[in-house]
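Listed below are the residues making up each chain.
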Amino acid sequence: MSRLLLALCTGTCILITGPTLLTAQERSYDENALRIDEHGGTISIVRGVSETVVAKIGVFRAVDVAAVVSPSPKAIAEATVFQRNYRPGTWITSLGIATLGAAVGASRISGLNRAIPTSLTIASVSLITYGGFRLETAHRALARAIWWYNRDLK
Amino acid sequence: MKSRILRALLIGASVSGAAAGAQTISHAAPPVANSESGTVAGSTRTAPPSDSSHSYDAQALRFESHWGSADIIRGANGPVIGTVGWFRGFDVEKLVESSPQAATEARAFKTNNFRGSLVGGLGAATVVVGAVLTSNSSNNAASPILIVAGAVAVAWGAQHLNTGYSALSRALWWYNRDLAR
Numbered sequence: 001m002s003r004l005l006l007a008l009c010t011g012t013c014i015l016i017t018g019p020t021l022l023t024a025q026e027r028s029y030d031e032n033a034l035r036i037d038e039h040g041g042t043i044s045i046v047r048g049v050s051e052t053v054v055a056k057i058g059v060f061r062a063v064d065v066a067a068v069v070s071p072s073p074k075a076i077a078e079a080t081v082f083q084r085n086y087r088p089g090t091w092i093t094s095l096g097i098a099t100l101g102a103a104v105g106a107s108r109i110s111g112l113n114r115a116i117p118t119s120l121t122i123a124s125v126s127l128i129t130y131g132g133f134r135l136e137t138a139h140r141a142l143a144r145a146i147w148w149y150n151r152d153l154k
Numbered sequence: 001m002k003s004r005i006l007r008a009l010l011i012g013a014s015v016s017g018a019a020a021g022a023q024t025i026s027h028a029a030p031p032v033a034n035s036e037s038g039t040v041a042g043s044t045r046t047a048p049p050s051d052s053s054h055s056y057d058a059q060a061l062r063f064e065s066h067w068g069s070a071d072i073i074r075g076a077n078g079p080v081i082g083t084v085g086w087f088r089g090f091d092v093e094k095l096v097e098s099s100p101q102a103a104t105e106a107r108a109f110k111t112n113n114f115r116g117s118l119v120g121g122l123g124a125a126t127v128v129v130g131a132v133l134t135s136n137s138s139n140n141a142a143s144p145i146l147i148v149a150g151a152v153a154v155a156w157g158a159q160h161l162n163t164g165y166s167a168l169s170r171a172l173w174w175y176n177r178d179l180a181r
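So the sequences go chain by chain: A and B.
Reminder that position 16 of the first sequence reads as 16 in the working numbering, one-by-one numbering, no gaps.
Reminder that position 79 of the second sequence reads as 79 in the working numbering, one-by-one numbering, no gaps.
Everything labelled a hint here was simulated from the structure, so no lab data went into it.
This one's a predicted model, so the numbers in the text were calculated from it and none came from an experiment.
Hints may be right or wrong, so weigh each one.
If the Cβ cut is set under 10 Å, some of the chain A residues that face chain B in the computed set are [unchecked claim]:
hint	residue
1	Asp-30
2	Val-49
3	Asp-64
4	Arg-87
5	Arg-140
Just so it is clear, CB atoms sit at the ideal spot from N, CA and C, and this is done for glycine as well.
Let the sequences and hints guide you as you build the complete structure.
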């Protein structure tokens, strides 16, 4: 009889450990749902009601957002789009701003061919517009990634 | 004897397995009252989990920034139901009124967005006026003051706009949290 009881307890114990293997996705929305918080050019991804910062994305700071939103497949796909666009977007926009500065400087030099500041201005506007487009794409993808991650929470 | 031990192991396993399963789906489907007995039914399987995710898919909100403004979008691929940004008067509070905490955050968004837009806009205009005065080579002492004052106003406005968007993010988070899951 005691052996029977022992076997019953063993069977129960083996499977009671099952829930500890559940991933973060299977915990509650209150504890795990993510949201984006932006302050001073830094994007923070915060988790749950306690608003624990789980990732900070700076102007030139790369963060593995796909790892933050795993294991939701659609969230990972959107996070990949974010990562593909965010850094090139920041670099291209920065280059555009620097080119704009050069264009302003060139326009102040007397006797310089007027085509130079004009072409620098056109190049800078194009770079800023293209970089801005890449950044917009990245931000939209990040918003979608967080949405899908929260959607896939139990 | 061995078969009895094996049977006991199986019983133990099935009991624990049922408990774990109930825990996994408990957030998706709350216990349903049994209409005949008036008690809470032991099984949550009567409500299909797909229904709850369906509700979230169709109703949950998010915002996507778009050149200085933000589109509020409902559902996975849903329509844009409003645009917020500089001097845009979309009523977010009314949209999220079903969730009290979301409505509070929406009010904070409205206040900060208005202040940020107004002061930031005035600051930008002041900077432009200062820059025009400077480029006209006037020796007016007011022009650098205008540029500095305008820049400070733009920074102050930007900070309030940031605080506003943070409140908007929280408002949508609370609204989505209070959706039936």
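Each hint, compared with the structure:
1. Hint on Asp-30 (chain A) holds. Least Cβ distance to chain B is approximately 7 Å, under the 10 Å limit.
2. For Val-49 (chain A), the suggested interface contact is upheld, since its CB lies about 9 Å from the closest CB of chain B, less than 10 Å.
3. At about 21 Å, the closest approach between the beta carbon of Asp-64 (chain A) and any beta carbon in chain B exceeds 10 Å, and the interface hint on this residue is violated.
4. For Arg-87 (chain A), the shortest C-beta to C-beta distance to chain B is roughly 18 Å, which exceeds 10 Å, and the interface hint is violated.
5. At its closest, the beta carbon of Arg-140 (chain A) sits 4 Å from a beta carbon of chain B; the interface hint therefore holds under the 10 Å criterion.
In terms of the numbered hints stated before, the structure departs from hints 3 and 4, listed from lowest to highest.
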